[in-house]
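Go ahead and model the full structure; you've got the sequences and the hints to work with.
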Amino acid sequence: MVSISHETPQETHARLRRVLAKAELRVLPGTWAYHEHPAGPLPQASGDVLALVRDQESWSVLEPAHGEEEEVFGVFAFHFPEADDNSGFVGWLASTLKDELGTGVAVLCGYNSKQGGVYDYWLVPAHLLGGAEACVRSLVVQADEDGQ
Numbered sequence: 001m002v003s004i005s006h007e008t009p010q011e012t013h014a015r016l017r018r019v020l021a022k023a024e025l026r027v028l029p030g031t032w033a034y035h036e037h038p039a040g041p042l043p044q045a046s047g048d049v050l051a052l053v054r055d056q057e058s059w060s061v062l063e064p065a066h067g068e069e070e071e072v073f074g075v076f077a078f079h080f081p082e083a084d085d086n087s088g089f090v091g092w093l094a095s096t097l098k099d100e101l102g103t104g105v106a107v108l109c110g111y112n113s114k115q116g117g118v119y120d121y122w123l124v125p126a127h128l129l130g131g132a133e134a135c136v137r138s139l140v141v142q143a144d145e146d147g148q
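Oh and the sequence shown: position 102 is 102 in UniProt numbering, straight run, nothing missing.
If you are wondering where the hints come from, they were derived from the structure by calculation, not from laboratory data.
Careful: at least some of the hints might be erroneous.
Quick list of the computed label-pair ranges, beta carbon to beta carbon [to be verified]: (1) Glu57 to Thr8: 30 to 36 Å; (2) Gln56 to Gln10: 24 to 30 Å; (3) Gln142 to Gly102: 16 to 22 Å; (4) Glu145 to Gln56: 47 to 53 Å.
The model shown is predicted, which means the values in this text are computed figures rather than measured ones.
The beta-carbon is built from N, C-alpha and C at its ideal position, and this holds for glycine as well.
Right, here's the structure in full:
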């Protein structure tokens, strides 16, 4: 369920730092890339595929990079605690990463009822993965220092 919050920007920042501090962060090994397949039947996917996305012309399969791709990503993921109000999290963290690292992000969401509900995969240019992880961990430390 999507939450609707009426709060000041400072309250939003504090709430989302608390959510981040309680979220499970996992950095995926290796590099990742989108590979295109013609639209039509679902492409045969390996067990390593993170996402299959389709438009009218093609399937995009997010899977481990093969080495010849022009654009490769580092990926990290969050599983959120059940019942925490994480509304606005994607925009908040995406803006923070843009401010800190200069990069945009791609975010793919899924749902796992056994692990609190919504989870996110975050894609950043592979060479910025370490900086993105450091930024996230710094926000967690700030939440801890605030006693949140």
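Evaluation of the provided hints:
1. Glu57 to Thr8: 30 to 36 Å: 44 Å, violated
2. Gln56 to Gln10: 24 to 30 Å: 43 Å, violated
3. Gln142 to Gly102: 16 to 22 Å: The hinted range 16 to 22 Å holds for Gln142 and Gly102, with Cβ atoms some 21 Å apart.
4. Glu145 to Gln56: 47 to 53 Å: 49 Å, holds
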